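> Line by line, the protein sequences give chains A and B.
Residue numbers for the first sequence, in our numbering: -14 to 381.
Residue numbers for the second sequence, in our numbering: 249 to 622.
None of these hints come from the bench; they were simulated from the model.
Just so you know, not all the hints are guaranteed correct.
Said to hold, decoys possible - Simulated pairs of lysine-lysine, DSSO-like, Cα-Cα distance not exceeding 30 angstroms:
| # | chain 1 | residue 1 | chain 2 | residue 2 |
| --- | --- | --- | --- | --- |
| 1 | B | K447 | A | K102 |
| 2 | A | K74 | B | K447 |
| 3 | B | K315 | B | K447 |
| 4 | A | K98 | B | K447 |
| 5 | B | K545 | B | K295 |
| 6 | B | K509 | A | K98 |
This structure is a prediction, so every number in the text was calculated from the model and none was measured.
Each chain, written out:
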Amino acid sequence: MHFLVANEILYCIEDYCIKAFCKLRTSRSSLTEDRSKMASIRCFLRSGKSAVSVVLRREFSKTSPAAVQVNVRDALNQAMDEELERDEKVFLLGEEVAQYDGAYKVSRGLWKKYGDKRIIDTPITEMGFAGIAVGAAFAGLRPICEFMTWNFSMQAIDQVINSAAKTYYMSAGAQPVPIVFRGPNGSSAGVAAQHSQCFAAWYGHCPGLKVVSPWNSEDARGLLKAAIRDNNPVVFLENELMYGVPFDLSEEVMHKDFVLPIGKAKVERQGTHITLVSHSRCVGFCLDAAAVLAKEGVECEVVNLRTIRPLDVETIEASVMKTGHLVTVEGGWPQYGVGAEICARIMEGPAFNYLDAPAVRVTGVDIPMPYAKILEDHSVPQIKDIIFTVKKVLNM
Amino acid sequence: GIFVTSGRSMVASSRSYADFTPEKVDLHRLEEGPPLTATLTREEGLKYYRTMQTIRRMELKADQLYKQKIIRGFCHLYDGQEACAVGIEGGITLSDHLITAYRAHGYTLTRGGTVREIMAELTGRRGGIAKGKGGSMHMYTKNFYGGNGIVGAQVPLGAGVALACKYLGNDQLCVSLYGDGAANQGQIFETYNMSSLWKLPIIFICENNQYGMGTSVERSSASTEYYKRGDYIPGLRVDGMDVLCVREATKFAADHCRSGKGPILMELQTYRYHGHSMSDPGVSYRTREEIQEVRSKSDPISMLKDRMLSNNMASIEELKEIDIAVRKEIEDAAQFATTDPEPPLDDLCSHIFANDQPFEVRAATPWTKLTSTS
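Construct all of the structure, not just a fragment, from the sequences and the given hints.
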């Protein structure tokens, strides 16, 4: 797959530039300035993102006194490293996770540190190794099973659903399945139809699974640690385009036992006029849209789902009851999707009476992902789509 | 045939059954196989007899209850194949692990389940081994991972259990069973590959009962030599109707695994008297004559009984007493299974997640409040 080589080169260049900038930074230059510079370099390397959006995102992801800046890839890497160290029953298996350092370098350095027993390269046989991972969980180990992308999980989906998700129930509690399935989900850049599907709705449909979809580094770190410590099957949906994006992480977040609760959404931005609910990379787009809309006096409340299943409907309801308007934003297809579920739940619950307008979804376009850049750009929700939708819902 | 000694006399037991015959063990990539002689003690003989008879009677009772509509859904009966489950258990210990497909009632018993809780699971009662949540295909005990409904899926699961055994260094192994129908599944070949690469302590066992549902082995498999299908994995084929053959082969396979040599594959040639499941009369794709011939010439329980009687290891009366005791056990179990109440509705949503706080579950309508507990 040639796109992997190209991305690797990008990661190396990005890492080099970030390190170079860190060295150049003096006490005179401000954090914001530096991040802007790094952001511009990233823009240059990954053409197709608007520079404005990247800079804006950096400002809004600021948290209180940052201990360190960590990108999503490293957050995942550190989380796995710490959990491997903490519990010797934890191990990682998947294609290229060991000697290749991970197809997307998420498991970089782990094989060197932990060796063949705990970091296992598998042949290209998803159904087989997913089944092996589930069986290992049956017998008391705590496997992390990586799918190189979630598209390939379709080869193994029977093991995820029928062997992992349902077993605790079928056995009336006799057989827990403490497994994490993880990998990049959803659209990437230029990888075309068979490598771009979002599986949040598919796995989110099934009882017995927990389905998690982190956005930033704090999410990635806290939710992956929580997933590994959870005694239940967790589907962990990462995003390849977020891997290289840095975020500030406080000392508290960097603590070895920092975990985020699975099943709890986070309000990333307070607002009063309208609620934007999203997950994964689209959370960033919502924040960018909110920044633009703020200039026109529209204050959006942005809710980061963090978990697809169980869905934190209470947080969404509380927000909708405050703002009276709801837009859901996701990268996946519209039909029977995450947004559809959220709208249905709002209809059925107390928040409906507070809606001043119908709840609306912003989604990926209902087509297989095309290859040509111009087509691909028009297949996914863009910031302008979110802004347009907000204005429509608010009748502006 | 197998030479049997009770310590008092040596007798060659011979049995002829045209289609099944292995007079010897067939070997694949093995220099030598299990011994062609076995020692059967009286205690072992009585134990095997009783266990096989229990499985037989339990399955026949399940047949009855199914026809009375007290058992519903899927019910795949094991009568005819008893020597496999009992022989395998004779070659391993309860600290070893085992996983099989949906024809699992016999294994649930040999792996420590009781007839009561197995039958109550079939009738869907709260006293069932899975509290009525699983049914025929989803029964579990310690070191027994079901009971699996998806053909072939249990094989990689079994390799995962074996991986855990190796990882934890506990000298245990996992027996992973599948039928002739499942033997063509891709995921099984994926499992052969990884088990061999990583030298997992797994015994693959193909219970070849000649038919995958209604499709005979000749019609489903380009190669019906299932013990060779592991290619680079050493294999052996034995008479699955002879509990001693099965036991000795299993012991041999277990030694192979425990010595760190990696996986091994056993094919057991066996036969099921019932159709594929209770909804299959079992005669549209095979003849009644064939079924009758196996019953009269190769029935595993009769074979063991004859062997013990002819070696003076037990008397007819003794074996009759066991029969009566087994019948009573089954009757009591059936009584329990038909009178025990169904699970409480509170249990509807329980056991979704382990070790979790109770949480709300969406019911059929938005107004009903249901709670799930671990």
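> Each of the hints needs a verdict: does it hold here or not?
Here is how each hint holds up against the structure:
Our distance criterion of 30 angstroms between C-alpha atoms is met by K447 of chain B and K102 of chain A, whose separation comes to about 12 angstroms. A C-alpha spacing of about 19 angstroms is found between K74 of chain A and K447 of chain B, which places the hinted pair at or below 30 angstroms, so the restraint holds. The suggested pairing of K315 of chain B with K447 of chain B is violated, with an alpha-carbon distance near 46 angstroms, which exceeds 30 angstroms. Between K98 of chain A and K447 of chain B the alpha-carbon distance is near 23 angstroms, which keeps this suggested pair within the 30 angstroms criterion.
Proposed proximity of K545 of chain B and K295 of chain B is supported: the alpha carbons are some 22 angstroms apart, at most 30 angstroms. At roughly 28 angstroms between alpha-carbon atoms, K509 of chain B and K98 of chain A fall within 30 angstroms of each other, so this suggested pair holds.
Comparing the model with each numbered hint stated earlier shows that hint 3 is the single one that does not hold.
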